[in-house]
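Protein chains: 2
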Amino acid sequence: MTPSHLSATEAAAQIRQGTLSSVDLTKSCLARIAETDALIGAWAYLDAGQALAQAAALDQRRADGHPLGPLHGVPVGIKDIFDTADMPTALGSTAHPDRRPDTDSAAVEKLRAAGAVILGKTVTTPLAFVSPSKTRNPHNPDYSPGGSSSGSAAGVAAGHMPLAIGSQTGGSVNRPASFCGVYGFKPTRGQISRRGALQTSETLDCVGGFARTLEDVALLNDALTGYDPADSASHDRPRPQTLAGCRAEPPSTPKIAFIDFPPFNMTEPMRDVIEEVAGTLGPHLTRLPTPDCFADFLAGQHTIHTCEIARNLHGDPAIDPEHTDDLVRDLLAQGRAVTEDAYAAARANVAKAESFFAAFFQDYDALLCPASCGEAPLLSENTTGDAVCQKIFTFAGVPTLALPMYISKNNLPLGVQLVGAAEGDDRLFRTAQWLMTHWSQAGMGPIPKGTA
Amino acid sequence: MTPSHLSATEAAAQIRQGTLSSVDLTKSCLARIAETDALIGAWAYLDAGQALAQAAALDQRRADGHPLGPLHGVPVGIKDIFDTADMPTALGSTAHPDRRPDTDSAAVEKLRAAGAVILGKTVTTPLAFVSPSKTRNPHNPDYSPGGSSSGSAAGVAAGHMPLAIGSQTGGSVNRPASFCGVYGFKPTRGQISRRGALQTSETLDCVGGFARTLEDVALLNDALTGYDPADSASHDRPRPQTLAGCRAEPPSTPKIAFIDFPPFNMTEPMRDVIEEVAGTLGPHLTRLPTPDCFADFLAGQHTIHTCEIARNLHGDPAIDPEHTDDLVRDLLAQGRAVTEDAYAAARANVAKAESFFAAFFQDYDALLCPASCGEAPLLSENTTGDAVCQKIFTFAGVPTLALPMYISKNNLPLGVQLVGAAEGDDRLFRTAQWLMTHWSQAGMGPIPKGTA
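Chains as they are written, first to last, in this note's numbering: chain A, 2 to 453; chain B, 2 to 453.
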């Protein structure tokens with residue numbers, strides 16, 4: 002198999018064994034990028050020489066008998082809102098073309114400490130917000146890859162690299178994962194440090210990862226998590242081991258809940274996929290009515306996101322008219338109009354959401370819902386799609402996993418989302434592995450419906 | 002077995018399985034302390050209620066199904082130079098009785114993130130330097146436990162807790178380990194962050210651990226290591242997995258070197274132990290002449306230690322006459338007398354030492370030497386013993402492991418030291434495990450020579 006197509010888990014194992022070099026893997030990724038990126042546009046910054054120099058140094062470290070990290074020699078794409086000491090970090094904005102911080106962000110530090118090749122910076126929507134980026138969906142270049150982690154999702158889907166990191170404040174990890182047909186994981190709030198990443202909302206921002214296999218996205222997550230006193234949301238308790246979660250047997254058959262929340266606004270193909278998954282689950286799925294609080298949580302996410310991003314970007318030239326668009330300016334105006342009382346009420350609802358889901362997951366291993374309303378939107382629609390399927394869970398800080406379940410008749414991916422208990426990230430992976438096994442045993446999987 | 006006597010590895014496994022609670026383990030440790038500490042004096046600060054509250058919270062987290070860290074529920078003693086947000090940190094000095102920093106040191110953060118109970122603060126010699134502390138050797142209270150990590154070494158030896166952390170600038174981890182008959186490990190420079198620990202020498206200070214089994218000291222080390230940009234010595238490369246090292250088979254029979262360096266000044270009992278180990282190793286041991294550079298490295302350690310500690314403690318009331326003694330004041334005066342040229346020459350020798358050992362360990366898996374000149378000194382000698390057996394290796398930043406090899410006719414422990422290649426900490430543990438297996442198969446072990 003072409004090295005760029007290997008999973009990260011397999012590539013890392015081969016590098017460890019000495020049957021593949023990091024240089025060959027990185028060259029293969031660079032070749033795949035050279036071949037496809039003119040169409041896809043996943044990269045904000047990429048210097049092939051710099052990536053190969055890192056790979057060569059890692060190969061040398063292995064040859065010298067030094068310890069190898071879990072990602073030794075594996076290229077990872079970095080959303081261009083995470084600071085890198087050796088590459089520019091332009092935040093997706095035309096206002097900051099020369100921005101070049103001195104130090105790595107915590108996530109990049111963790112990746113280097115795990116032995117990864119920092120391949121380059123992937124395209125983000127401007128300031129990780131709602132305006133589309135230049136990136137196209139690798140399944141069909143007329144469609145959006147989603148946002149704001151556009152380049153990370155599209156690059157992983159296109160085989161540019163096995164792993165990439167992104168961030169989510171509304172739905173910027175799990176939605177592009179659904180649109181691009183890859184796995185996306187946003188861990189429990191506070192598991193991964195946000196130090197050195199663009200702060201848009203101190204309450205909601207979180208770091209997440211993309212990969213083409215479930216184990217890979219867990220491998221990446223385990224390398225990223227850890228306590229960091231520099232991040233106000235970080236906590237000093239043990240981290241769930243998500244790769245071990247993938248490999249664990251559920252102690253009893255998982256209990257999965259489904260809530261048909263009308264604002265998820267599922268298209269017919271998405272409803273079909275959800276119903277097929279529900280059919281596969283049979284008696285292990287419980288359909289529940291929509292809890293009253295969901296509407297409050299959804300509204301609370303909007304209040305906090307718009308209010309905090311307006312405050313955080315206040316005075317930043319990136320929001321001047323020549324560097325931004327009406328979509329963003331309208332939302333910032335909404336954020337500035339949020340009263341202190343409305344903000345305090347939304348903050349109080351965060352604690353309510355945490356308690357609600359803590360109680361909810363006493364009874365269920367996971368909540369099933371769509372990872373996007375439907376297929377990716379056309380680029381001509383000038384949107385990266387609706388984050389409604391993620392907002393409640395980002396608000397509550399619970400872990401969410403997008404699973405690439407299906408390719409539609411239009412050759413566009415459709416993902417479902419599994420949501421788990423806070424700090425039960427490992428259990429969520431265990432449940433997801435069980436679900437994917439059931440799904441493939443039932444003869445389903447991410448194949449074009451029309452060609453089945 | 003009384004829970005306080007369990008290894009950390011076994012206790013953590015039992016807590017994980019639910020056959021032991023952290024509260025019962027902590028109570029058992031507290032009972033052992035209550036029984037013996039009036040004689041030993043290992044504790045600078047201990048609040049039983051606070052320790053039990055941590056243990057109860059950890060038991061509750063397990064009951065709630067939260068993820069468990071590798072040290073979940075296991076009590077760890079903290080040398081009283083490491084800041085703790087919830088306990089005083091008096092640095093062993095009468096000048097700072099009420100010192101109470103707001104935040105945890107990096108090492109304590111890591112332990113909490115691994116699920117440990119922060120049991121309390123162990124006695125350190127004043128400012129982690131040369132003056133004796135109140136702590137006595139648990140094997141015979143007329144003798145010193147060594148220093149500066151006196152309470153950590155003595156407490157682990159006495160069964161107060163399975164694990165403790167200390168620090169080494171000269172020989173403050175491996176020497177007390179030898180005197181108290183426990184394992185002591187100082188990893189490669191830069192593996193564990195020193196943020197929030199008393200800085201005596203930015204070049205030489207390092208964090209290390211104590212335990213009663215080889216696996217335990219590796220388990221502790223793995224929980225402590227990690228990159229931290231706040232520590233100038235910390236590096237962002239992967240960390241060796243030392244517990245995995247303990248459990249790995251050497252790919253070929255280890256090659257061990259021995260250098261009979263006269264300044265190690267071995268007593269007859271220590272020479273006997275080293276010769277018995279050499280006999281056990283047979284053809285796997287190579288005796289080498291003393292390299293010329295060893296004398297320079299030894300002198301360089303003294304120059305840097307005294308110069309940097311004098312600079313770091315400048316203006317600290319702890320070095321005023323009423324809070325210190327002649328031993329310390331004399332060394333600080335020596336440090337202040339170091340010229341810029343002498344300091345620069347010593348710093349240049351650090352790089353030379355790093356290169357020397359990098360080349361040396363191309364040919365050998367480990368260097369064998371004494372972990373102390375001999376048995377612990379009598380308290381009446383007013384010394385914590387000579388750090389000469391460690392200084393060269395602390396200077397070079399290579400990992401060193403003290404192995405409790407023998408109990409002398411006087412019922413005092415004698416340890417040997419294995420030294421390994423920088424960043425080859427896992428290989429060093431693999432070699433040590435192989436040596437200890439050989440040693441016990443040869444019928445040897447830490448039993449009184451007279452009673453064999």
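Mixed in with the good hints, there may be bad ones.
Since the list gives no way to pick out one identical chain from another, each pair is judged satisfied if it fits inside one copy or across any two copies.
Listed next, the in silico SDA-like pairs over lysine to any residue satisfying Cα-Cα at most 20 Å (straight line) [as the list claims (entries may be wrong)]:
1. K135 - N383
2. K353 - D65
3. K256 - D65
4. K353 - P71
Note that these hints are calculated values from the structure, not bench results.
| query | Which of the listed hints are not met by the structure? | reply | Violated hint: only 4; rest satisfied.
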